[in-house]
Amino acid sequence: MAKKKSEFSKYPIEDKVILTIGYIILGLFIVAIILPMIYIILASFIDPITLQNQGLTFDFTKWTLTAYERVLSNGQIWVGFKNALLYSVLFTIISVVVTLLAAYPMSRPDFKGKGFFNIIFVITMFFGGGLIPTYLLISNLGMLDTIWAILIPGAFSVWNMIIARTYYMGIPRDLQEAAEIDGADEMVYFFQILLPVCTPIIATISMWQFVGMWNSYFDAMIYLNSASKQPLQLVLRSILIQNQPEAGMVSDMQSTAERARLAELLKYATIIISSLPLMIMYPFFQKYFDNGIMAGAVKG
410 MAKKKSEFSK YPIEDKVILT IGYIILGLFI VAIILPMIYI ILASFIDPIT LQNQGLTFDF
470 TKWTLTAYER VLSNGQIWVG FKNALLYSVL FTIISVVVTL LAAYPMSRPD FKGKGFFNII
530 FVITMFFGGG LIPTYLLISN LGMLDTIWAI LIPGAFSVWN MIIARTYYMG IPRDLQEAAE
590 IDGADEMVYF FQILLPVCTP IIATISMWQF VGMWNSYFDA MIYLNSASKQ PLQLVLRSIL
650 IQNQPEAGMV SDMQSTAERA RLAELLKYAT IIISSLPLMI MYPFFQKYFD NGIMAGAVKG
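In the working numbering, the protein residues as written are 410 to 709.
Heads up, some of the hints might be wrong.
Calculated pairs, DSSO-like style, for lysine-lysine (alpha carbon to alpha carbon, straight line, at most 30 angstroms) [said to hold, decoys possible]: (1) Lys638 to Lys471; (2) Lys523 to Lys491; (3) Lys521 to Lys676; (4) Lys638 to Lys419.
Have a look at the derived ranges for each label pair, beta carbon to beta carbon [claimed, not checked]: (5) Leu495 to Leu435: 34 to 40 angstroms; (6) Ala441 to Gly538: 34 to 40 angstroms; (7) Leu687 to Tyr448: 48 to 54 angstroms; (8) Asp594 to Leu495: 33 to 39 angstroms.
Calculated from the structure, these hints are not laboratory results. Ideal Cβ placement from N, Cα and C applies to all residues, glycine included.
Construct the entire structure; sequences and hints are all you get.
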């Protein structure tokens with residue numbers, strides 16, 4: 410019985426070379442991503458003195474949960490976590506609703522003025538008012554130190570609108586014609602017929618916006634003054650970048666050296682804790698990504 414040839418062996422030599430180079434580069438990218446993750450996960454459990462003197466070790470007698478105990482027992486971490494989750498969920502809902510509503514008329518061939526609005530939208534992708542004018546606008550609107558300063562300014566994404574518009578345009582026109590024959594108006598068609606078949610693009614945009622807001626800290630740093638309103642990212646910034654963990658985390662350490670070692674250990678634990686929501690939610694959205702992110706691959 411003849412042995413079946415693999416798909417790779419059927420390619421010409423030039424394609425094999427290109428594919429091999431591509432696989433090698435992709436493998437290097439994967440290694441560059443996975444190795445730091447493994448190091449951070451292991452380092453978060455290892456005693457700081459052992460980590461500093463010996464590096465990573467699989468001697469479990471040198472492992473400790475001190476960092477996680479201190480991080481999880483700190484009140485400001487939980488306040489920041491709650492705020493970050495609240496901001497991310499609300500921002501995602503507002504952004505998706507605004508984006509889908511804006512994309513629908515832009516996808517209609519009979520929408521008058523579509524070219525003009527398209528130009529206006531595209532201009533905003535390349536030109537912005539800048540930090541100072543934006544700050545003055547937020548201040549004059551009375552949104553400083555409020556949740557709206559985080560949720561409103563970036564709620565509308567032109568890029569996401571273009572992706573959603575392209576997805577709408579890929580839905581057969583016969584669907585709307587059938588709905589019109591059955592007596593459905595624009596509102597019924599959009600909410601009851603169109604949106605249910607747009608689950609992939611809705612899930613994709615929701616994931617993008619949630620991750621973007623979860624990782625964002627700059628707007629909160631500029632517009633929020635109250636510690637009770639600060640998201641987790643600002644707390645992490647003080648720990649990871651400014652090397653200033655919350656006082657309650659290291660208050661019982663006597664020497665400066667002990668505090669420095671513990672602060673280093675706290676960095677790894679906070680990275681893991683802050684990444685957990687994204688790692689938990691990603692598998693639920695992953696199945697929609699292929700259809701969602703490929704929406705504009707053919708139509709423009």
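We went through each hint and held it up to the structure:
1. Lys638 to Lys471: violated (38 angstroms)
2. Lys523 to Lys491: Between lysine 523 and lysine 491 the Cα gap is close to 41 angstroms, so the pair fails against 30 angstroms, i.e. violated.
3. Lys521 to Lys676: violated (54 angstroms)
4. Lys638 to Lys419: violated (60 angstroms)
5. Leu495 to Leu435: 34 to 40 angstroms: Given a distance of about 37 angstroms, which is inside 34 to 40 angstroms, the answer is holds.
6. Ala441 to Gly538: 34 to 40 angstroms: Since alanine 441 and glycine 538 have Cβ atoms about 37 angstroms apart, the given range 34 to 40 angstroms holds.
7. Leu687 to Tyr448: 48 to 54 angstroms: Violated, since leucine 687 and tyrosine 448 (Cβ atoms, about 19 angstroms apart) do not stay within the stated range.
8. Asp594 to Leu495: 33 to 39 angstroms: For leucine 495 against aspartate 594, whose Cβ atoms are near 35 angstroms apart, the range 33 to 39 angstroms holds.
Taken one by one, the earlier hints fail for this structure at numbers 1, 2, 3, 4 and 7, listed in ascending order.
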